[in-house]
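A.B. asks: So you can see what is in the structure, the chains are spelled out below.
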Amino acid sequence: MVKNGEKFKVYAGKDKEASLFMIRLRFARGTLLLRGEVGTPYGKWDPRVGCYRVKAMHYQDVLAYLGESRVPYRDEVPNLPPLQTLKSSVKLRPYQIEGLDKWRRAGMRGIVVLPTAAGKTFIALQAISQLKTQTLIIVPTLDLMDQWKRQVADHLNVDTGAVGGGENTVKMITVSTYDSAYLKAEVLGNRFMFIVFDEVHHLASPSYMQIAEMYIAPYRMGLTATYERGDERHVLLPRLVGDPVYTVDVEELAGEHLSPYDYEKIYVELTPEEQRVYDKEMKVFRNYLKEKGIVLKSVKDFHRFIMATGRDRRARKALLARNRALKTALNSGAKLKTLAKLLEAHRNEKILIFTLHNDLVYRISRLFLIPSVTYQTPREERREILEKFRSSEYKAIVTSQVLDEGVDVPDATVGFVLSGTGSTREYIQRLGRLLRKVKGKKAKLVEIVSKETVEVRISQRRRQKSKKNSKG
Amino acid sequence: MLPSELLFVRRRKGIIWPRYAKLSGENLEVANLLIEAYSRHVGEKKNVLKKFVGELEDMGYDYRFVRGLSVLLDRRSDFKCNVKVNPVELRRKLYQTTEKLGLPTTPEQRTRIIKSVASELKLTAEMMEESLYADLDSELVLAEFKPLPPQELLKNYNLSLTQTLLFSSTELNFTASGNWQRIFYTIKRLGLIYEAYRSGGFWVKIDGPASLFKLTRRYGTALAKLLPAIISNPKWTVEAKILWKYTNEICDFKIESWKHSSILKTPKTPTVSYDSIVEESFAMRFQALRSDWCLRREPEPVPAGKHVIIPDFSFERQSVRVYMEIVGFWTAEYLRRKIEKLKKIDVNMLIAVDETLACEKLEKLEKRAKLNLLYYRKKIPLTSILRYLEELFQPVKEKQASFVKNLPVTFLEPIVKYEEFAARIGVSAESVRTALTEKPPEGYVVLPNSLVKKDKLREIGKTLEKQISQTSRLPLPQAAKIIEKEGVEDTSNVLKALGYKIMWRGINPEKAEVIKPESKQTRKNS
Chain A
1 MVKNGEKFKV
11 YAGKDKEASL
21 FMIRLRFARG
31 TLLLRGEVGT
41 PYGKWDPRVG
51 CYRVKAMHYQ
61 DVLAYLGESR
71 VPYRDEVPNL
81 PPLQTLKSSV
91 KLRPYQIEGL
101 DKWRRAGMRG
111 IVVLPTAAGK
121 TFIALQAISQ
131 LKTQTLIIVP
141 TLDLMDQWKR
151 QVADHLNVDT
161 GAVGGGENTV
171 KMITVSTYDS
181 AYLKAEVLGN
191 RFMFIVFDEV
201 HHLASPSYMQ
211 IAEMYIAPYR
221 MGLTATYERG
231 DERHVLLPRL
241 VGDPVYTVDV
251 EELAGEHLSP
261 YDYEKIYVEL
271 TPEEQRVYDK
281 EMKVFRNYLK
291 EKGIVLKSVK
301 DFHRFIMATG
311 RDRRARKALL
321 ARNRALKTAL
331 NSGAKLKTLA
341 KLLEAHRNEK
351 ILIFTLHNDL
361 VYRISRLFLI
371 PSVTYQTPRE
381 ERREILEKFR
391 SSEYKAIVTS
401 QVLDEGVDVP
411 DATVGFVLSG
421 TGSTREYIQR
431 LGRLLRKVKG
441 KKAKLVEIVS
451 KETVEVRISQ
461 RRRQKSKKNS
471 KG
Chain B
1001 MLPSELLFVR
1011 RRKGIIWPRY
1021 AKLSGENLEV
1031 ANLLIEAYSR
1041 HVGEKKNVLK
1051 KFVGELEDMG
1061 YDYRFVRGLS
1071 VLLDRRSDFK
1081 CNVKVNPVEL
1091 RRKLYQTTEK
1101 LGLPTTPEQR
1111 TRIIKSVASE
1121 LKLTAEMMEE
1131 SLYADLDSEL
1141 VLAEFKPLPP
1151 QELLKNYNLS
1161 LTQTLLFSST
1171 ELNFTASGNW
1181 QRIFYTIKRL
1191 GLIYEAYRSG
1201 GFWVKIDGPA
1211 SLFKLTRRYG
1221 TALAKLLPAI
1231 ISNPKWTVEA
1241 KILWKYTNEI
1251 CDFKIESWKH
1261 SSILKTPKTP
1271 TVSYDSIVEE
1281 SFAMRFQALR
1291 SDWCLRREPE
1301 PVPAGKHVII
1311 PDFSFERQSV
1321 RVYMEIVGFW
1331 TAEYLRRKIE
1341 KLKKIDVNML
1351 IAVDETLACE
1361 KLEKLEKRAK
1371 LNLLYYRKKI
1381 PLTSILRYLE
1391 ELFQPVKEKQ
1401 ASFVKNLPVT
1411 FLEPIVKYEE
1421 FAARIGVSAE
1431 SVRTALTEKP
1441 PEGYVVLPNS
1451 LVKKDKLREI
1461 GKTLEKQISQ
1471 TSRLPLPQAA
1481 KIIEKEGVED
1491 TSNVLKALGY
1501 KIMWRGINPE
1511 KAEVIKPESK
1521 QTRKNS
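Line order of the protein sequences matches chains A and B. Going by our numbering, the first residue of the first sequence is number 1, and it counts up by one from there. Going by our numbering, the first residue of the second sequence is number 1001, and it counts up by one from there.
I should point out that these hints are in silico values taken from the structure, not numbers from a laboratory. A few of these clues could be false.
Stated by the list, open to error - Derived pair list, reagent style DSBU-like, types lysine-lysine, alpha-carbon separation capped at 30 angstroms:
hint, chain 1, residue 1, chain 2, residue 2
1, B, K1100, A, K388
2, A, K442, B, K1100
3, B, K1245, A, K297
4, B, K1122, A, K388
5, B, K1501, B, K1456
6, B, K1045, A, K327
7, B, K1399, B, K1417
8, B, K1205, A, K184
9, B, K1454, B, K1501
10, A, K327, B, K1214
11, B, K1050, A, K317
12, A, K317, B, K1013
13, A, K300, B, K1214
14, A, K171, B, K1188
15, A, K44, B, K1343
16, A, K283, B, K1050
Stated by the list, open to error - Covered, in the sense of this in silico footprint (three residues per stretch, anywhere, with C-beta under 8 angstroms from a C-beta of chain B), are these stretches of chain A:
hint, stretch
17, 28-36
18, 40-50
19, 127-133
Backbone N, C-alpha and C fix where the C-beta goes; we use that ideal spot for every residue, glycine too.
Model the full assembly from the supplied sequences, consistent with the hints where possible.
C.D. replies: Listed below in structure tokens is the structure:
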């Protein structure tokens, strides 16, 4: 348990004159300024202002160093919101207790890797209730903000502050998006002692990682279902949050705490007209590659090609043709027919339908009169739709990528994937959405893929990368 | 500012520059086409308008240019949801009915649900379909569009392009001809850090607190926001380091007023506006004095270490320059810090402090030679300022006067104007006057503005005497004519030197008369 001023000793000089010469540690817009004739191993001399400057993330290290050196100093850094009383009603499952324990033993820093729906949230809530200190919870989306606020209210019995999505109040427990936490690091950086990074893999991006650097919070917890990133940047996370301290795979939990699931893939043929459009557009694309001798094997190759489209008009034309071809395959009318059959076969079950393009979301929504959720859905309506789906008032939702991460949509038993980008994370998260333990119910995931198109390859790539997570 | 995917730049050998749209030919044509299209599409759906924009892209114009213009025009447009029923409520009703009747998997089932809701809401089925997603962005209707001249659009585009590029900047350096207070105020407000330096002029380097640790684009947005304040000046140069994220390469970017002012939208230069009435009234009263001091508002910043001080005013006179800052509300601590900052600079600074605005009890503050705290109440006293200025100018004056005095010079001309003479030897007219008054050259009379040979003066005196003796008075204009004819300009001083007096009748010099004081006396005696 940490109380203000207990762990962080403040040496305040009684003599006013003496205090002028005392070292002062001050928070300066996401960094710490050390006034006085002293340096630290973490600081760097800033000739612009004439004193030492330290990254905010080294706050505790600097305090420890000053303490050890027996240098009198005045700590003017923290600007913490008042503490509130928490009443925790969190009950952890054995593996959650183990995860929390490992994290505590790692010095209250580190990353917990658990599959979606395994209750990562509860580990964090329990950590908050034990630390009883000012906490910032950082999440990727506004949906997740709402969800965390509800969870904190339900399980810790306290009001949360919120920064992002038009809100801007700081309380003992505050929820924020990565975007807002990044943009407001200058003013929020010294207001919390504990940070929970939900979906922590986001933190490794070049801009978001500055959140970790510009906040003083000594205690940090990262949560994710997919620690590894395609770009390998996750190797940066231990320095920012701490090492991965606990990892559980989907397989370890499936059947025990999560429902097992079946996987099925249905191939559909494009309609003759769609096939004609597809072939014509793909030819434009392939011809360009052939002519230029370009081979697209890796993600990197593809990035290079995308870059070329900025300089070369023909490259851009080729790219647009490829996109049209893919769109034709992904949004094939034949898929809609198959979907109609599946919907008929799964009447009265709770269904989630995923697509890549918003166009298709709205086509499906119009055709089957199913509630749609995209980034364009008004926030209030989205909240209402998710709430009614949770309470089973609505039995189906069609959505593009917005629900990809972490948003709790409980009790869905069937998922239909109508298109995808081929990324591992997306696939796992989409599966995760369905893995809800309903008594005796086996979850099912059906992917509808157009035959003999590039899409087959994308889908295979997806499967390959996450083979071990599936039992289908 | 534009979405980053519309950033249209060229890069070569570490140099990066935006593909600015020249205000001519094809560009004006595209701009015009788009502006007309927006005007024409008022009342139509956004996706119809955007389809037209897409067609322009297909016609061979770069999509980044066309879309960039379109983004800017969107900001001058008002898109509205144009249906009678609220789509959100309509959808709710529909979903609820669907839950009741079951998901429609055939067209018949679907029609049944639509009809059921339509009759409940007293709508037609067509209206239902039309309204269902009328609140989607692409379905919104263009209700109003504010057109603008194509040149303006292109200038706006070029500015937006520059700012979008600056999003990726890690630091910015600039020099400018003025507007300093606004620029530095903006720098502070945006939480940036500056360093002033000299490099063929006064330059400022700007980045942010965390820039110390690594190159970061974090402050790019703030730097982009600062740009308008800089380029609203008549003259400026801006250089920036751009961290190109795709290659992780640092590129140089540079724009200059002489080259780019004409193609960039520049905010109107604010005319010299005064922060406070105190400043304005001071400037007016001081100007009215018509002293030899040239008063400048917001002079070039004064470097103080790596920081700068932007004084409110400067007083300039030959080599002497004095700055003045007018302090608003203050505390002793504030003044002490200010003085601390001023210690680093070696200039004459006058700080005007309003006693009535003190936030705490006045404490005695240290006095320094180059620094003068001037306490006042309500109105800044001109006399004490002038006295201070004259005091500072005194050494200059004395030095010059002694220089003139020791000048081995013999005057030959009958009339020597101080100003001309002073300019020839590079001193002030005043020091010439001082020197000559102290040590008049033989055979000359020292007048306030010129040196006149005694013979010459006597000559003028005789001519005047002739005229006056007839009527015992002479109209001033006539006297002036006589004097000027002899090559002397300051009529009144010559008259005074000759013992004449000017009788004013009102302020009109035409009506004034020159008289001999003796005659007045005579009249009084008689």
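A.B. asks: For each hint, tell me whether it holds in the structure or not.
C.D. replies: To see whether the hints hold, each was checked on the structure:
1. B:K1100 to A:K388: 14 angstroms, holds
2. A:K442 to B:K1100: 26 angstroms, holds
3. B:K1245 to A:K297: 23 angstroms, holds
4. B:K1122 to A:K388: Status holds; Cα separation ~26 angstroms.
5. B:K1501 to B:K1456: 19 angstroms, holds
6. B:K1045 to A:K327: 23 angstroms, holds
7. B:K1399 to B:K1417: 20 angstroms, holds
8. B:K1205 to A:K184: The given pair, whose Cα atoms are some 24 angstroms apart, holds under the 30 angstroms limit.
9. B:K1454 to B:K1501: 19 angstroms, holds
10. A:K327 to B:K1214: 42 angstroms, violated
11. B:K1050 to A:K317: Satisfied, since the Cα-Cα distance of roughly 19 angstroms is no more than 30 angstroms.
12. A:K317 to B:K1013: 27 angstroms, holds
13. A:K300 to B:K1214: With Cα atoms ~26 angstroms apart, K300 (chain A) and K1214 (chain B) stay inside 30 angstroms; holds.
14. A:K171 to B:K1188: 28 angstroms, holds
15. A:K44 to B:K1343: 26 angstroms, holds
16. A:K283 to B:K1050: 27 angstroms, holds
17. 28-36: Since three or more residues must qualify, the claim that chain B covers the stretch 28-36 of chain A holds, with 4 doing so at under 8 angstroms.
18. 40-50: n = 6 at 8 angstroms, threshold three: holds.
19. 127-133: As far as the stretch 127-133 of chain A goes, the hint is violated, because 0 residues have Cβ atoms under 8 angstroms from chain B.
Of the numbered hints listed earlier, those contradicted by the structure are 10, 19.
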